[in-house]
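Chemist: The lines below spell out each chain.
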Amino acid sequence: MKNQKKSIVPTLLIGISVVFFVVMLVLPLVIVLYRSLKDGLALYVKAITAPNTLSALRVTLIAASIAVLVNTFFGLCAAWLITKFEFRGRQVLSTLIDIPFSISPVIAGLAFIMTFGRMGWATPFIDWINSTFGTDIALVFSVPGVVLATIFVTFPFISRELIPVMQAQGNAEEEAAAMMGAKGFTIFRKVTFPHIRWTLLYGIILCAARAIGEFGAVYAVSKTRGQTFTLTLEVDALYMAGGADSITQAFAVSSLLVIIAVAILLIKQVVEYRAKRTEEA
Amino acid sequence: MKSTHTKRKQRSVIPGRGLTMGVTITMLSLLILIPLASILTYSFRLSFSEFIELITRQNVVRAFRTSISCALIAALINSVFGLILAWVLVRYDFPGERLMDAMIELPFALPTAVAGITLSKMYSDKGLIGQFFAKYDISISYTKIGLTIALVFIGIPFVVRALQPVIEKLPPSLEESSAMLGASRSYTFRRVILPELTPALLTGFGLALARGIGEYGSVIYISGNSEKNGTQVVSYVIMQKLNSGSADYEGAAAIALVLLIISFLLLFFINMVQLAAGRRAS
Numbered sequence: 005m006k007n008q009k010k011s012i013v014p015t016l017l018i019g020i021s022v023v024f025f026v027v028m029l030v031l032p033l034v035i036v037l038y039r040s041l042k043d044g045l046a047l048y049v050k051a052i053t054a055p056n057t058l059s060a061l062r063v064t065l066i067a068a069s070i071a072v073l074v075n076t077f078f079g080l081c082a083a084w085l086i087t088k089f090e091f092r093g094r095q096v097l098s099t100l101i102d103i104p105f106s107i108s109p110v111i112a113g114l115a116f117i118m119t120f121g122r123m124g125w126a127t128p129f130i131d132w133i134n135s136t137f138g139t140d141i142a143l144v145f146s147v148p149g150v151v152l153a154t155i156f157v158t159f160p161f162i163s164r165e166l167i168p169v170m171q172a173q174g175n176a177e178e179e180a181a182a183m184m185g186a187k188g189f190t191i192f193r194k195v196t197f198p199h200i201r202w203t204l205l206y207g208i209i210l211c212a213a214r215a216i217g218e219f220g221a222v223y224a225v226s227k228t229r230g231q232t233f234t235l236t237l238e239v240d241a242l243y244m245a246g247g248a249d250s251i252t253q254a255f256a257v258s259s260l261l262v263i264i265a266v267a268i269l270l271i272k273q274v275v276e277y278r279a280k281r282t283e284e285a
Numbered sequence: 082m083k084s085t086h087t088k089r090k091q092r093s094v095i096p097g098r099g100l101t102m103g104v105t106i107t108m109l110s111l112l113i114l115i116p117l118a119s120i121l122t123y124s125f126r127l128s129f130s131e132f133i134e135l136i137t138r139q140n141v142v143r144a145f146r147t148s149i150s151c152a153l154i155a156a157l158i159n160s161v162f163g164l165i166l167a168w169v170l171v172r173y174d175f176p177g178e179r180l181m182d183a184m185i186e187l188p189f190a191l192p193t194a195v196a197g198i199t200l201s202k203m204y205s206d207k208g209l210i211g212q213f214f215a216k217y218d219i220s221i222s223y224t225k226i227g228l229t230i231a232l233v234f235i236g237i238p239f240v241v242r243a244l245q246p247v248i249e250k251l252p253p254s255l256e257e258s259s260a261m262l263g264a265s266r267s268y269t270f271r272r273v274i275l276p277e278l279t280p281a282l283l284t285g286f287g288l289a290l291a292r293g294i295g296e297y298g299s300v301i302y303i304s305g306n307s308e309k310n311g312t313q314v315v316s317y318v319i320m321q322k323l324n325s326g327s328a329d330y331e332g333a334a335a336i337a338l339v340l341l342i343i344s345f346l347l348l349f350f351i352n353m354v355q356l357a358a359g360r361r362a363s
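Chains as they are written, first to last, in our numbering: chain W, 5 to 285; chain R, 82 to 363.
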């Protein structure tokens, strides 16, 4: 029988993994940073302080924060419904919630254009609201459209994290609290929340990451650079302009997104570690 | 164990059923289902023969072929490397392991457009990696090879994250006892380990495939989007129809509908695999 300890298999597997990891995941990061600083710090600063970039940063932050708020509220409600009660169609409901996960983001954008766009069936209704109340609501090719598309693609992120954890937790504690006469929100705040807070935070981080990085869906519903563009759309516009300077600027704006992405991964590690510790405790 | 409890259909004592039901269904309908249904109603404006004509146009068929074949190859590559990475991360200790574990999810956190422009520069004929291949007259960026590489990048975390928890639960004693009984390494892998991992591997494969078929941001820069070379993906063709001077909404809706059906089939497949795995476990 071969001696397991002296086998070269582990070394080989680790070697393959490290090479794959460095080439596929580390090199691209290095390249973004290198390319963004290639033509000097002055151009870098110019790129990230350009009015278009700042406007894009603002739109990105607005869309991501609203998406996180809406999806947190939805995620908590949906997770409560799915884990605390038995009802017919529960499985179907949880599959429907996961839809945005597996469809092309371009389809999300298209769906909003076809609902609220020039030829969309909801457009007469919006027009009626605008003419009656003197408002000026435009749901596509505007910031609200960007927000809607962002909510769509990140919709299941939080409920998906909460459901398995709440399921594993069981309902005994909540039932006991209810028997003793606690009200719904008190039960949630005092009994459920302490168990799920790290998971919730984890879901919020994933949701924020995806919201900040969304491209295909917002690309379809956002057309005005400097007004409704998000950071990723600004990167696209700069890159597609094609000049050498412009491409360097695209990488400079990208480097901001890389920093955000790496920060998110770091926070996620910390949260995961904390979640594991509370689980053990 | 719990089934007797549910069979009695006793209403739960926990409050909030009506409220959360209302909120969940209203938000799901307004934000997801109704907008998606718009695509359906739009494609119903077409007659059946028009619909067929639109989706069997040469560029559309080619785009579907490109998206599906490249996503399939990428998902297969990811299944192999994802299995190795997940195994290494769970079973071996080495310096940098935690960093690697954290960074596996970079493709989830990094915006696809950023990944797209970076990969396309990295693999271009003058790029850091592309230049080595250019010496042998192999272009990567702006070909299907580049497109597939982008999909490998996007898909890798799906496979690794699907496998890790399952490998963690697999006791090392399983391999040890198999080896004690005289099985070779490859036999142990094929007959003892792989069957245990198959449901998770299929789930990861399916998720990576679903993501790859609909992918847009990371692909459009590196693929070159040339109709002649067959490097247009389905999402690109839909977007092109939306952005062309006379926006062709019906055409976009028809293609999107086919893409949606493919996604639903994959989602269904993944759910079946998980259901079967769950049943086997219990």
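Hints in this document: simulated from the structure, not taken from any laboratory. A few of these clues could be false.
Below 16 Å or equal to it, Euclidean Cα-Cα: the simulated EDC-like pairs (lysine to aspartate or glutamate) are [unchecked claim]: (1) 225/R with 174/R; (2) 272/W with 182/R; (3) 187/W with 177/W; (4) 280/W with 249/R; (5) 194/W with 179/W; (6) 216/R with 206/R.
Chemist: Of the hints stated earlier, which fail here?
Modeler: Failing hint: just 1.
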